[in-house]
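**Student:** So you can see what is in the structure, the chains are spelled out below.
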Amino acid sequence: MQTTFPRLLLDHAKARPDAPALREKEYGIWQTLSWRQLAGLVKQIANGLAAAGLQRGEHIVVIGENRPRLYASMLAAQSLGAVPVPLYQDAAATEFVFPIVNAEVAFAIVEDQEQVDKLLEIRPQCPGLRSVWYDDPRGLRNYSEPGLAPLDALLDITAADVFDTEVAKADPNDVAAMFFTSGTTGNPKGVVHSHFTLLDRAQAGARFDKLTSAEEVLAYLPPAWIGQNIFSYAQWLACGYVVNCPESAATASIDLKEVGPTYYFAPPRIFEALLTNVTIRMEDASAIKKWLYKHCMDVARRVGPKVLDGHTVGLFDRVQYFLGNLLIYGPLRNTLGFSRVRVAYTAGEAIGPDLFTFYRSIGINLKQLYGSTETAVFVCLQPDNQVKADTVGVPIEGVEIKVDDNGELLVRSNGLLKGYYKNEAATREVLTADGWYRTGDAGYLDATGHLKIIDRAKDVGRLSSGDMFAPKYIENKLKFFPYIKEAVAFGDKRDTVCAFINIDFEAVGNWAERRNLPYAGYTDLAGKPEVRALIADCVSKVNADLAADEKLAGGQISRFLVLHKELDADDGELTRTRKVRRGAIGEKYQVLVDALYAGKREQFIETAMKFEDGRSGSVSATLQIADVPVNPVLKRAA
Amino acid sequence: MNTMASAAMTAPAVKGRHIGAVILDVRNISLAFGGVKALTDISFDVREHEVRAIIGPNGAGKTSMLNCINGVYTPQQGTISFRGKTFNHMNSRQVAEMGVARTFQSLALFKGMSVLDNIMTGRNLRMKTNLFQQAIRWGAAEREEAAHRESVERIIDFLEIQPFRKTPVGRLPYGLQKRVDLGRALAMEPKVLLLDEPMAGMNVEEKQDMCRFVLDVNDEFGTTIVLIEHDMSVVMDISDRVVVLDYGKKIGDGTPDAVRANPDVIAAYLGTSH
Numbered sequence: 002m003q004t005t006f007p008r009l010l011l012d013h014a015k016a017r018p019d020a021p022a023l024r025e026k027e028y029g030i031w032q033t034l035s036w037r038q039l040a041g042l043v044k045q046i047a048n049g050l051a052a053a054g055l056q057r058g059e060h061i062v063v064i065g066e067n068r069p070r071l072y073a074s075m076l077a078a079q080s081l082g083a084v085p086v087p088l089y090q091d092a093a094a095t096e097f098v099f100p101i102v103n104a105e106v107a108f109a110i111v112e113d114q115e116q117v118d119k120l121l122e123i124r125p126q127c128p129g130l131r132s133v134w135y136d137d138p139r140g141l142r143n144y145s146e147p148g149l150a151p152l153d154a155l156l157d158i159t160a161a162d163v164f165d166t167e168v169a170k171a172d173p174n175d176v177a178a179m180f181f182t183s184g185t186t187g188n189p190k191g192v193v194h195s196h197f198t199l200l201d202r203a204q205a206g207a208r209f210d211k212l213t214s215a216e217e218v219l220a221y222l223p224p225a226w227i228g229q230n231i232f233s234y235a236q237w238l239a240c241g242y243v244v245n246c247p248e249s250a251a252t253a254s255i256d257l258k259e260v261g262p263t264y265y266f267a268p269p270r271i272f273e274a275l276l277t278n279v280t281i282r283m284e285d286a287s288a289i290k291k292w293l294y295k296h297c298m299d300v301a302r303r304v305g306p307k308v309l310d311g312h313t314v315g316l317f318d319r320v321q322y323f324l325g326n327l328l329i330y331g332p333l334r335n336t337l338g339f340s341r342v343r344v345a346y347t348a349g350e351a352i353g354p355d356l357f358t359f360y361r362s363i364g365i366n367l368k369q370l371y372g373s374t375e376t377a378v379f380v381c382l383q384p385d386n387q388v389k390a391d392t393v394g395v396p397i398e399g400v401e402i403k404v405d406d407n408g409e410l411l412v413r414s415n416g417l418l419k420g421y422y423k424n425e426a427a428t429r430e431v432l433t434a435d436g437w438y439r440t441g442d443a444g445y446l447d448a449t450g451h452l453k454i455i456d457r458a459k460d461v462g463r464l465s466s467g468d469m470f471a472p473k474y475i476e477n478k479l480k481f482f483p484y485i486k487e488a489v490a491f492g493d494k495r496d497t498v499c500a501f502i503n504i505d506f507e508a509v510g511n512w513a514e515r516r517n518l519p520y521a522g523y524t525d526l527a528g529k530p531e532v533r534a535l536i537a538d539c540v541s542k543v544n545a546d547l548a549a550d551e552k553l554a555g556g557q558i559s560r561f562l563v564l565h566k567e568l569d570a571d572d573g574e575l576t577r578t579r580k581v582r583r584g585a586i587g588e589k590y591q592v593l594v595d596a597l598y599a600g601k602r603e604q605f606i607e608t609a610m611k612f613e614d615g616r617s618g619s620v621s622a623t624l625q626i627a628d629v630p631v632n633p634v635l636k637r638a639a
Numbered sequence: 400m401n402t403m404a405s406a407a408m409t410a411p412a413v414k415g416r417h418i419g420a421v422i423l424d425v426r427n428i429s430l431a432f433g434g435v436k437a438l439t440d441i442s443f444d445v446r447e448h449e450v451r452a453i454i455g456p457n458g459a460g461k462t463s464m465l466n467c468i469n470g471v472y473t474p475q476q477g478t479i480s481f482r483g484k485t486f487n488h489m490n491s492r493q494v495a496e497m498g499v500a501r502t503f504q505s506l507a508l509f510k511g512m513s514v515l516d517n518i519m520t521g522r523n524l525r526m527k528t529n530l531f532q533q534a535i536r537w538g539a540a541e542r543e544e545a546a547h548r549e550s551v552e553r554i555i556d557f558l559e560i561q562p563f564r565k566t567p568v569g570r571l572p573y574g575l576q577k578r579v580d581l582g583r584a585l586a587m588e589p590k591v592l593l594l595d596e597p598m599a600g601m602n603v604e605e606k607q608d609m610c611r612f613v614l615d616v617n618d619e620f621g622t623t624i625v626l627i628e629h630d631m632s633v634v635m636d637i638s639d640r641v642v643v644l645d646y647g648k649k650i651g652d653g654t655p656d657a658v659r660a661n662p663d664v665i666a667a668y669l670g671t672s673h
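So the protein sequences, as listed, match chains G and E.
Count along the first sequence starting at 1, add 1, and that's the number in this note's numbering.
Count along the second sequence starting at 1, add 399, and that's the number in this note's numbering.
Check each hint, because a few of them may be wrong.
[Said to hold, decoys possible] Between beta-carbon pairs, the in silico distance windows are: (1) G:Arg579 / E:Asn602: 38 to 48 Å; (2) E:Gly574 / G:Asp355: 57 to 67 Å; (3) G:Glu430 / E:Gly569: 31 to 41 Å; (4) E:His629 / G:Val279: 23 to 33 Å.
[As the list claims (entries may be wrong)] Dumping the calculated BS3-like pairs for lysine-lysine here, alpha-carbon to alpha-carbon at most 27 Å: (5) G:Lys529 / G:Lys453; (6) E:Lys590 / G:Lys290; (7) G:Lys26 / E:Lys648; (8) G:Lys15 / G:Lys211; (9) E:Lys565 / E:Lys510; (10) G:Lys258 / E:Lys527; (11) E:Lys565 / E:Lys527; (12) G:Lys494 / G:Lys542; (13) G:Lys258 / E:Lys606; (14) G:Lys423 / G:Lys258; (15) G:Lys589 / G:Lys611; (16) G:Lys566 / G:Lys580; (17) G:Lys494 / G:Lys211; (18) G:Lys566 / E:Lys527; (19) E:Lys606 / G:Lys611.
Everything labelled a hint here was simulated from the structure, so no lab data went into it.
Fair warning: this is a prediction, and the values are worked out from it, not measured in the lab.
The beta-carbon is built from N, C-alpha and C at its ideal position, and this holds for glycine as well.
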């Protein structure tokens, strides 16, 4: 079945005109937009955009949170054969310059004053940007810049009705959307997808999990991220389910509980934050509740995953799990907003086995998937009942996988990108002549046909001893501890592995309070010897784990330090999707890396940092460096 | 949120808005508590849609001035006229009915009630149904409550406090409580808003947020704002005209730049050598 996004919209509007398409919480009430209303809105915006001069094939930038009218704007642009380019709403103004100039963008539809201000700030660098429309007029009444107008003005235009004829012209292989990858190095790259590539994968994913039009989804991640775009846009139109937009980013957890989604998607950090919250609140609970929680969670850990995977469980365990469900798991799922979840996915980063098992043990069907912007997300998914913490599932229909001689994973499917926009060289690097996409990930299919990812292929290095060094693998193992928020491992072409640790302020702060350990802010807490001892304990456990792995035993961490500031995307230390930029961090904190390898006990550092409001300042501290015992490599000897 | 940028962007826009005729005129006000003269012969006016600041060192009589306008104190001498009508004896309720709302320096919120309920109390003046109807919440009372709830929700949206709608006010941090206090005053849909040290005790970020909300209120609803403030930089950034009090006397009045250059004001703030 080949179709386009606007045609799917019209199909839904015709088949189920009064069924809800989008909901948005506004003024404390969920406001519903039916498929018919949505189609009407899209038509109006499309006609307005056509009258404003938006041409077939031209790009239009969309910046904002998940808002019904921004979704409608993307559909409207696609109806005209134009290409919506969603950008990250929390990006700094200067980060918009490259995409806008690169894609020769003349039109932008944005959410509010914050985004308008950013676009006006960079306007001198983007001379091609002609018109900016905004959804929320608050604070913008007195702006008189040329080309700036409210979205309502676009709706009011009495324009010629070109909607139906333009929709009919579209070919499924036309470009449907472009996503700029966050890019750990250099300029971001525009990933070009057609209606067919996105919808083919969206539909394959929907068939895999038997999604229906009855699903409820909460859209709260940036729409510029293909993950959110697939779940709340491509699959939304493919299945015709309801997408709910939270009131604001800050109310997402409250709204989650109200909506009770049946199909849920989040990167591991969201699940981690939820669990940290539960753990902290449980520690403040009364002794009886604590005991009950501990006891029930022990049962859940033992029995829960088996129940979810459909294995047979002894009668006594079944009774215990039933009672636990009544007393703890059910209410907990309800508090988290997961009462109705039928399928939940996590992707983007590796998820800790404890974290993963926690959600599965309380009866939430949490699964992992593997994919990227370039593959329109769906490559491997974990089937129900066959879920393992350390793999990412089986290739789904239409996907072929192979591993090349260097251990790099190659993928072939209908969902592969058409190319990087205006970047032939980069396209040739990732797309082979016979249609394979180089993922850049090192991994392999295990005996049961499940894919296991180790690290980025280019990041896998060697210690000077020749032992394999997989930094991400080590960092993830560290991050699985609740006290560690981020970790950065160094070791390529060096004798030993050393690491920077970022503590989790909330978890460690709580830990310190429980021990009556006073502290004055992040830097102070990070510098406490007690905290260093706590982290050293975590590091030794990781070393013990690594020692047990034949391939990676040589890469145990010998020294580490606790960083004095949180790694932040605003300081260029993380990507917008919160992945550590190992290279940039290594350069910025060169003195610390040198101190680690020079065997120093402490090192002074001063770092410039940017605050949330855009001002700059600096933090300085003298960091203590800790040694950790390295376990002898047992298996090598045998 | 990029508060700095938006505050900076709003500031020039505010300067461009239309400032109307005199809405509040204070003439020769004197107020004494027994032998203590809190205010002596103070006169100034407030124009419609402007942001008017009253500044001065501790004990200068700023809050007393606000309390006179608000009808809490009745001055021994002088008149206060609102939209050309002069009143000699007024109580707080009459002032509120005329469209003057205020916030408090030391918060006067109902700590155990939710944010929503606290702001709802600000609608009290506009409720037409009686206590009995409200108690059984039927017919007109129910319709009325829905209408009031809607306007309260608009304020919650405006002040960006949606996540705390149902949270008891006592559990919120100080900066947010101040915002709720502002929300309750806004619920009255006032013509003139009196703010008693809205930024006191806040950290820099909270102050910037509050500045933005004050300017947004002024911009969005055209509300005339009279504010007392300690922090000179805040006052100079957001107000159109400033009155300076010292020991109950007016020592300066004019635009922020004029006031900043006034030698009496400098003396009052920094002291002089004799």
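**Student:** Hint compliance check: list the failing hint numbers for this structure, sorted ascending.
**Tutor:** 1, 2, 3, 4, 5, 6, 7, 10, 13, 14, 17 and 18
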